[in-house]
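Could you build all of it, start to finish, from the sequences and the hints given here?
Each chain, written out:
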Amino acid sequence: MLQTNDLCHTYLNENGEELLALDHVNIKIAAGEFVAVIGRNGSGKSTLAKHLNALLTPSAGACIVAGMDTQDFSHIWDIRQTVGMVFQNPDNQIVASIVEEDVAFGPENLGLPSAEIVRRVDEALRLVGMTEYRLHGPHLLSGGQKQRVAIAGVLAMHSRCLVLDEPTAMLDPVGRKEVLESVCRLHREEGITVVYITHFMEEAVAAERVVVMDAGHIIMDGPPNEVFTHVEEIRALGLDVPVAADVAMQLRQRGMDIPAGTITDEGLAAAICP
Amino acid sequence: MSIVLENVSYTYMPKTPYCREALRDINLIIEPGEFIGIIGHTGSGKSTLVQHLNGLLRPTMGVVKVDGNDLQAKASEKKRVRQRVGMVFQYPEHQLFEETIFDDVAFGPRNLGLEADEVAQRVESALERVGLPVSEYGSRSPFRLSGGQMRRVAIAGVIALQPEYLVLDEPSAGLDPRGRDEIFEQIMQLYHGTGMAVVLVTHNMEDVARMAKRLLVMNRGQIEFDGRPTDLFHDTKIQLHEFGLSLPYMTSLLRTLRSRGLDVDDALLEASDVAASIQSALQKKRIPQC
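Heads up: the protein sequence lines correspond to chains A and B, in order. Residue numbering for the first sequence follows numbering that gives the first Met the number 0, starting at 0 and increasing by one per position. Residue numbering for the second sequence follows numbering that gives the first Met the number 0, starting at 0 and increasing by one per position.
To be clear, the hints were calculated from the coordinates, so they are not data collected in a lab. These figures come from a predicted structure and were not determined experimentally. Note that the Cβ used here is the ideal one computed from N, Cα and C, for glycine as well. Possibly wrong hints are sitting among the right ones.
What the hints assert, rightly or not - Derived DSS-like pairs (lysine-lysine); straight-line CA-CA distance at most 30 Å:
#1 Lys64(B) - Lys77(B)
#2 Lys77(B) - Lys14(B)
#3 Lys236(B) - Lys176(A)
#4 Lys27(A) - Lys49(A)
#5 Lys236(B) - Lys284(B)
#6 Lys176(A) - Lys212(B)
Said to hold, decoys possible - Estimated spans, in silico, between C-beta atoms of each pair:
#7 Pro222(A) - Ala115(B): 38 to 46 Å
#8 Asn6(B) - Asn12(A): 48 to 56 Å
#9 Glu269(B) - Glu189(A): 54 to 62 Å
#10 His23(A) - Thr59(B): 53 to 61 Å
#11 Lys14(B) - Asn12(A): 48 to 56 Å
#12 Glu232(A) - Tyr17(B): 27 to 35 Å
Claimed, not checked - Which chain A residues face chain B? A few, computed with CB under 7 Å, are given here:
#13 Arg39
#14 Ser141
#15 Val173
#16 Gly237
#17 Asp245
Shown next as structure tokens:
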């Protein structure tokens, strides 16, 4: 579905010096995968995300989306329809004054017949659980609801892949949960490919695969229960681990036998009191 | 002296179809030297409330007094009051604009009309307090720092005004875990080092559980809870999710263990303390690993 081959991205700073934000990144993401990307601010996560729908194009190497090279300009609209993006600030990505019109914005621009647009909007709002708000003004929604409307806008384009760049950074705890649950359901029930960038380790645990970035490189890549077992390495990178993984490590140091890969509350509870 | 809000209500766009009551009859006293956390769902009135603390918003009804001065009163008084209450907004790094870090932090003190020596001294001490010593950082551009460092420069710009009360709105939003830890470490040091009162608005339950001595929960424009964090997070009758809140992750883990019959102390927050508590709870049950 998504593939990068020695992908490099160079930014120029204000002194005209080159900064390598992505340094020969190779990653393959299969259709239907749910990948969380974690890393410090400035590690290259967002730059990578922007390559995945051709908002940026490679300085060197290549980025292939559903078989299309992002450097081939003739594919750009197909690529952007395949991969939809959701950003951090819910207020920056809503364009209409009524929820259903906002979701319809993309399909309208595809020039679809209106019956088809209505059908897509209905479906998209249903998938994120926002049907009852279809006639509301977006400014009256909570942050979590706005993000779900933004996700519905992507779904209405029939995008098969969803890239979310810190979608919960500005939300309250319940809003964070709503967004994560919507994303998990879309992945599970609709088979949508998900790339989810976050600073919340508890969210990364929900993914099937966690990719850790540092200084423009991918330095770890594996299932969450494998990645978060490396407590010391993760901490040394300026990141953190879920609390259950942290407590599990402390218990091991105290001589208790806690299985490797214990990273959830339930998992830890099961290990201590079977 | 203190910040006093008496029967404060605030309505956005009154007498229009968009009219919305954001604060309803708030009574609140903030004492010098307090560390207060304010939590609540988006739209609950947190930011509206803190904008009343230095007169950025004027109450539709009610009175706000800072150290006895009514903020509705004369403009000259309002200006002085604003110096006492420093505000750090969300994403304050977007407000940096000067060529050097020194000039950016000096902007506020210069506008107070202070002598150059005094300005330099305040900039030096403010940057020192946020861990960016002027000798190393003063002449550098603020735009070449990391996100967390830029935010600390913005905070230095506010503390150079030497406020008695420091209000921070979501200071950790969008920062990575280490950036988050660093900024909160700095805030704690500032709090202990200056005796300034701190009012912290946040969505991060871990932070308030660790740092705040007093916690306010806002809901629909009212203060729903006012008390110690432990009293909020350990009262199982309070339905946190109705207020858009959740338990700190560690508290949630400890509750799961307790529901399995393990007698752990659910007030703990540090992993090492939790591990010790688990071990002693298991020993009490006299089985090696229950």
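Against the structure, the hints come out as follows:
no., hint, in the structure
1, Lys64(B) - Lys77(B), "holds, 10 Å"
2, Lys77(B) - Lys14(B), "holds, 27 Å"
3, Lys236(B) - Lys176(A), "holds, 21 Å"
4, Lys27(A) - Lys49(A), "holds, 16 Å"
5, Lys236(B) - Lys284(B), "holds, 28 Å"
6, Lys176(A) - Lys212(B), "holds, 27 Å"
7, Pro222(A) - Ala115(B): 38 to 46 Å, "violated, 59 Å"
8, Asn6(B) - Asn12(A): 48 to 56 Å, "holds, 53 Å"
9, Glu269(B) - Glu189(A): 54 to 62 Å, "violated, 41 Å"
10, His23(A) - Thr59(B): 53 to 61 Å, "holds, 59 Å"
11, Lys14(B) - Asn12(A): 48 to 56 Å, "holds, 51 Å"
12, Glu232(A) - Tyr17(B): 27 to 35 Å, "violated, 51 Å"
13, Arg39, "holds, 5 Å"
14, Ser141, "holds, 5 Å"
15, Val173, "holds, 4 Å"
16, Gly237, "holds, 3 Å"
17, Asp245, "holds, 4 Å"
In this structure, the hints that do not hold are numbers 7, 9, 12, in rising order.
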